[in-house]
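2 protein chains.
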Amino acid sequence: MEFKIAKRSEDYSRWYGDVIAAAQLADYSPVKGCMVIRPNGYAIWEKIQRALDDLFKATGHVNAYFPLFIPESFLKKEAEHVEGFAPECAVVTHGGGEKLEEPLVVRPTSETIIWSCYRNWIQSYRDLPLLINQWANVVRWEMRTRLFLRTTEFLWQEGHTAHATETEAQEEAFRMLGVYKQFAEETMAMPVLTGEKTPAQKFAGARHTYCIEAMMQDKRALQSGTSHDLGQNFAKAFDVRFQNEQGQLEYVWATSWGVSTRLIGGLIMTHSDDKGLVLPPALAPTQVVFVPILTKDAETVLQATRHLADTIRPVATVQVDDRTNVSPGWKFNDWEQRGVPIRLEVGPKDLAKKQVVLVRRDTGEKQFVPQETLPETIAMTLRTMQQDLFNRAKSLREDNTIYLDDYKQLCDLFAESSAFVKAHWCESPDCEARVQEENKVTIRCVEFDRPQEAGACIVCGKPSPGRVVFSKAY
Amino acid sequence: MEFKIAKRSEDYSRWYGDVIAAAQLADYSPVKGCMVIRPNGYAIWEKIQRALDDLFKATGHVNAYFPLFIPESFLKKEAEHVEGFAPECAVVTHGGGEKLEEPLVVRPTSETIIWSCYRNWIQSYRDLPLLINQWANVVRWEMRTRLFLRTTEFLWQEGHTAHATETEAQEEAFRMLGVYKQFAEETMAMPVLTGEKTPAQKFAGARHTYCIEAMMQDKRALQSGTSHDLGQNFAKAFDVRFQNEQGQLEYVWATSWGVSTRLIGGLIMTHSDDKGLVLPPALAPTQVVFVPILTKDAETVLQATRHLADTIRPVATVQVDDRTNVSPGWKFNDWEQRGVPIRLEVGPKDLAKKQVVLVRRDTGEKQFVPQETLPETIAMTLRTMQQDLFNRAKSLREDNTIYLDDYKQLCDLFAESSAFVKAHWCESPDCEARVQEENKVTIRCVEFDRPQEAGACIVCGKPSPGRVVFSKAY
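Chains as they are written, first to last, in the working numbering: chain G, 5 to 478; chain U, 5 to 478.
Just chain G, with the same shape it has in the complex (with noise of 0.2 Å):
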């Protein structure tokens, strides 16, 4: 069954779409908002879990889990945690064939839940840090979803951490950022900006959100991971406090993090091509795919295509296709929509002249390989093009990033395309209002590594302290 992709110059949201129906990464399901993750799909969210468990666990971090259902009333002891939270629960009243009591939420974060645990487990500045991370499903009810980027229960890590100090805390704020963005940009091969959301986009409970920003090729931006310095907020909503080294009782600091299932998303809308998905070697669950050429010496081509396999399985996860009912054409085009990096092709001719013939997905580029030497190229190849991928991406973000002054060139800009636009802001909420009102975009971030630079705010022209990134957003 061939699968015709649209092309993105033509519709970007059904290319998105077509994307994951041709490489089999997700669909649908029959239950509003919910999404089913299909093996394809699923593989390369495992590739995501081990690799940033493994970062994780390198920086002190244990794993548990908490409860799935959060009692409504705990919500509500944060008041600005449950003003944010409120309108997306879904909501459970009956268990066991009774109406419950008190209704159950649907956990859309864990923050309340986990600090009455906390509550409990810290006593003395001996029982901290606490650095406890969870890998679990949670439901934020959604009106439009999209797959990975948007949908009623996603998965996702949650961090959640306890500190003595106020200095502490907001060093594993941004510690965690920096793993995030280490793992977007090496892993991911997806460049971030890194800054700071404004006071109006901060999660519902925090005193800062950090954030890693990347553009997607229709340069809008998306947001992919956050980072935040909850202060002593949820050890004052829950009473958590330790005794100190001097005997006094003082609150306990928080910081909480996560990234999702929507980074497969983001993954997609940074490599992939009108052909289909192009994965970065790093998440490839498939890194190269042999399609031997069966057309005579079947046999004889099987078998060395084989051997072939095994010579390189030491550098590479490797499938060898000998699939007999679709043609070598066919499967090219299988492969190239599930974005395998490299496909190797044998023939009888290939067989003779010692040489495999090494195709690149993401530029297409053909070369003929000697065999005794292709387990040193194909390590090779996959390390280029990891950061070829990279690269490319960085250079669009940086094509694409546009300082502007005047504000009819903002609205302009924006009334027919996106870009990352770095503009003056007075810091007035008044002002990020209106640029979102009138052109439906956003703040993204307040750049950590932003020059100190005077001006004058885009909008109103009072003096701003720097400039900021505004863009259109999933």
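These aren't lab readings, by the way, just hints derived from the structure by calculation.
C-beta atoms are modelled at their ideal positions from N, C-alpha and C, and glycine is treated no differently.
Any given hint could be a false lead.
[Unchecked claim] The calculated label-pair distances, taken between Cβ atoms and stated as ranges, are: (1) Thr405(G) - Arg245(U): 25 to 35 Å; (2) Gln127(U) - Pro455(G): 55 to 65 Å; (3) Arg245(U) - Gln186(G): 40 to 50 Å; (4) Glu170(G) - Gly100(U): 28 to 38 Å; (5) Trp334(U) - Pro455(G): 17 to 27 Å.
Since the structure of chain G is provided, determine the placement of chain U on it from the hints.
Below, chain U without anything else, positioned relative to chain G:
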């Protein structure tokens, strides 16, 4: 904080709870029936997941993820299934601030939502077999809960496979039961019986339910895993048909199989003792702990200990307990409660003699090991301990497996204790129900390898084709 654990001989149930509390494996949560799996408990679950996932993948399975919510109407499509699960369901009636048109059930198991997807994924015999597993949380409303053994929400894996023929599906159901047995015995060191559930005890919607059953230390049975031959029941309920090689439409054949966090309860009740948790080496997140005796020359001893720890990292996961605020004796007790298989003590005298004191958690046996042979000794001791734990558990089961032919003897036995009682049964549900009502015991399984032995039913005296296993159970 020292934790006093109840004796098994005095109060087995309290002992179980104390072991979990002392090792910080899990907590009851503020949400009725739900548990919090603490980092020490979750680390064991991660080891279980990794080992099982490897076995599933080695037998050709892939992972996917299906929605948490199931429309109530789906559950009703298979008559037996809804009858079995409806009374245990948690029901979401409100989402996003509004009453839902159709209530959603939080999955108690996923056959219905998965088979509604398989309908779209399966057209031809070429799409079969479909071998999918899911790691997920499920909810079954429970009135009487016990940590790990019976909780409203639990974590598990559920395999759901689709096959072209009845034989293939039957083979799959047996294969996965074999995987469970292998995992239970080789990795958990927990011997299990394998057999079939009686019709009264089978899964709601299955044609046959196969199970592994383990004996706990108090001689009660723990159903530790099940594998179901679902026949064409779910294919018919969701109209899943495929075109066979001859071009005819046929209903698909199905299996499902699962194990859960309940296994951790089984692990505890198979190996642990009055001092606390005992973990088999294959599932111990930390296999070896060094306790340096820091009475004098503390810095030298600590340095030497760290060096020794490095020498055994290739063969074991190691921790060095360098805490200075607690005594060595306190540490010994602490690590015993946490179940670490091997403790190594290193003091100034040991350094002088170029030795280490090795203490096995299961036997308490102490030996002096020359430092130069430490890696080999550790590797060997871990292997031996894994085998010894299995052998000890198997002996317990053999010593408490009793052949009875007299109903009064059976009643007397179960009136004051438990055992695996092998007795004849005529296969009538009435006799099965009577034994259960009068003794609170169930038929655990009809063993696959029971001898063909004609006899008289222990209840009614009518002809019986062989003995079945009666026991009290968790």
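Could you tell me which of the hints above the structure violates, numbers in ascending order? 1 and 5
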